[in-house]
Structures are given as C-alpha cells and as structure tokens.
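Peer 1: Here are the chains, one letter per residue:
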Amino acid sequence: AQKVTQAQTEISVVEKEDVTLDCVYETRDTTYYLFWYKQPPSGELVFLIRRNSFDEQNEISGRYSWNFQKSTSSFNFTITASQVVDSAVYFCALSGATDSWGKLQFGAGTQVVVTP
Amino acid sequence: DTEVTQTPKHLVMGMTNKKSLKCEQHMGHRAMYWYKQKAKKPPELMFVYSYEKLSINESVPSRFSPECPNSSLLNLHLHALQPEDSALYLCASSQEGGFEQFFGPGTRLTVL
Numbered sequence: 153a154q155k156v157t158q159a160q161t162e163i164s165v166v167e168k169e170d171v172t173l174d175c176v177y178e179t180r181d182t183t184y185y186l187f188w189y190k191q192p193p194s195g196e197l198v199f200l201i202r203r204n205s206f207d208e209q210n211e212i213s214g215r216y217s218w219n220f221q222k223s224t225s226s227f228n229f230t231i232t233a234s235q236v237v238d239s240a241v242y243f244c245a246l247s248g249a250t251d252s253w254g255k256l257q258f259g260a261g262t263q264v265v266v267t268p
Numbered sequence: 069d070t071e072v073t074q075t076p077k078h079l080v081m082g083m084t085n086k087k088s089l090k091c092e093q094h095m096g097h098r099a100m101y102w103y104k105q106k107a108k109k110p111p112e113l114m115f116v117y118s119y120e121k122l123s124i125n126e127s128v129p130s131r132f133s134p135e136c137p138n139s140s141l142l143n144l145h146l147h148a149l150q151p152e153d154s155a156l157y158l159c160a161s162s163q164e165g166g167f168e169q170f171f172g173p174g175t176r177l178t179v180l
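Just so you know, the sequences run in chain order A and B. To convert a position in the first sequence, counted from 1, into my numbering, add 152. To convert a position in the second sequence, counted from 1, into my numbering, add 68.
Hints may be right or wrong, so weigh each one.
Stated by the list, open to error - In silico EDC-like links for lysine to aspartate or glutamate, alpha-carbon gap of 16 Å or less:
id, chain 1, residue 1, chain 2, residue 2
1, B, K121, B, E135
2, A, K255, B, E71
3, A, K255, B, E126
4, B, K104, B, D153
5, B, K108, A, E178
6, B, K104, A, E196
7, B, K109, B, D153
8, B, K108, B, D153
9, B, K109, A, E162
10, B, K109, A, E196
11, B, K87, B, E135
12, A, K255, B, E168
13, B, K108, B, E152
14, A, K155, B, E112
15, B, K77, A, E196
16, B, K108, A, E196
17, B, K106, A, E196
18, B, K104, B, E152
For the record, the hints were derived by calculation from the structure and aren't laboratory data.
Kindly produce the complete structure, drawing on both the sequences and the hints.
Peer 2: Structural data, given as structure tokens:
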C-alpha cells in the first residue's frame, strides 16, 4: 500500500518569510512519481512539479524549490520570500506502478496562510 | 486559462433528480479522471479512463455512472444521490497514467 504523510496541518507566516512544507511517503514500488499541487481558495488544483524515483536532483523554479531525498522518503517543498498569493492548500501526491498507473495518492494537505 | 473545462460550476439537486457533470480537455491527453473532494480533505479518486476504457473504479456507489464518449470528453451521470454526496467534483486529464494530471475548476455539488 502507498501512503503520503503531510504532518503539518497549517503553517502561518508573514509575507517575505520562507516556508517549508514536509512530505514523507511510503511505497514498495521501485518506480514511482511524486507530485506537488497547489489548491487556492478558488478550488482548482494547480500542478507544480513531478519528480520520478530515479531523479534525486533538487529543483528550483522561481521562489519554489524542492528537495527529494530517497534515503528518508521525503519530498519537501520550500517557498522563498512568501507572498500573500501563496496562501493555499498544498498537496503532496504519489503515483506508483503496482497500484495502477494513474492513481494519485494524496497527502492530507498543508494549509499555508501568508499575512501581509 | 485552464485547458480542462467543467460544467456546470455549481449544481443543486434533489435526491430524486438525474443530472450530469461534463468535462472536456483540449490537450490531447489519453487518460481522464473523476475525483470527489469534501471540505478540508484531499481529493479521492473515483474513476480513471485510459484510452476511453474504464481502467480504475474505486468501488464508487452505482448512483455515480461515468461515461467517456471520446478521448476529450468525460461525463459523470448522477442519480438518486444522497446529501453526503455533496462535494467538489474535479475532473483531470494526463498524457497517460503516471504523468502529471491537470485539473479542471470543479463542479460544486449540493444534494438537498
């Protein structure tokens, strides 16, 4: 069985502070994909990143960066210099081969609140 | 602009009604999905269509009936729903299973 744990229910920061969202996953698959999605108050899920199990390179995209560590089964997400527009629920998700491609196992989500 | 569209945006229905939710994607993807999301919870997968064939059915009650007329369209037919079915229904598509899924804006359903 696959599992994604986002232990942080809510994180509140003041604008320009950095915020790191934790994601820990469990899977028996050797091939799998990890994802991060953003869900603003409007409700639409916005794709942020996909990382496959063979690529442990960290990635930076603007103010967003991701740290993938297979040794600790973690795929953490950092927002640098947060802005009010970053306020949203962020979901980490996992898709593995043995559980049928296409099934996304989501974590519970972390609510990020950025105040001016 | 999202390339996955869903209609209607909002739907209120009684328990005896029959209604349909519609989803269309314009990205040439071959996999489409229906998810149900309750407030403050993550999305839960309901159905997956891959190459227009149902490939995953997460034991969803028969009052939900999916239909995939072609690779761009996905419908969800609703009949005799219960108040606990009130939720945000999200449609998504991906190039194939395992690739990133792109979501539509959702239909917010209220069952009275």
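Peer 1: Would you mind confirming whether the straight-line C-alpha gap from K255(A) to E71(B) stays at or under 16 Å?
Peer 2: violated, 21 Å
Peer 1: Is the hinted pair K104(B) and E152(B) satisfied, with a Cα-Cα distance of at most 16 Å?
Peer 2: Roughly 11 Å separates the two Cα atoms, so the pair holds.
Peer 1: Would you mind confirming whether the straight-line C-alpha gap from K108(B) to D153(B) stays at or under 16 Å?
Peer 2: holds, 15 Å
Peer 1: For the pair supplied as a hint, K155(A) and E112(B), is the alpha-carbon distance within the 16 Å limit?
Peer 2: holds, 13 Å
Peer 1: For a C-alpha distance cap of 16 Å, please report whether K255(A) and E168(B) respect it.
Peer 2: holds, 11 Å
Peer 1: So if I understand the rule, the pair passes when the alpha-carbon distance is 16 Å or less; does K104(B) with E196(A) pass?
Peer 2: holds, 13 Å
Peer 1: Can the restraint linking K77(B) and E196(A) be considered satisfied, given a maximum Cα separation of 16 Å?
Peer 2: holds, 11 Å
Peer 1: Assess, step by step, whether the Cα of K108(B) is no farther than 16 Å from the Cα of E196(A), and give holds or violated.
Peer 2: holds, 14 Å
Peer 1: Keeping to a limit of 16 Å between CA atoms, is the pair of K109(B) and E196(A) held or broken?
Peer 2: holds, 14 Å
Peer 1: Are the Cα positions of K106(B) and E196(A) separated by 16 Å at most?
Peer 2: holds, 13 Å
Peer 1: Does K108(B) pair with E178(A) here, judged by a C-alpha cut-off of 16 Å?
Peer 2: violated, 23 Å
Peer 1: CA of K104(B) to CA of D153(B), is that 16 Å or under?
Peer 2: Holds, at about 9 Å.
The structure shown violates the earlier hints numbered 2 and 5.
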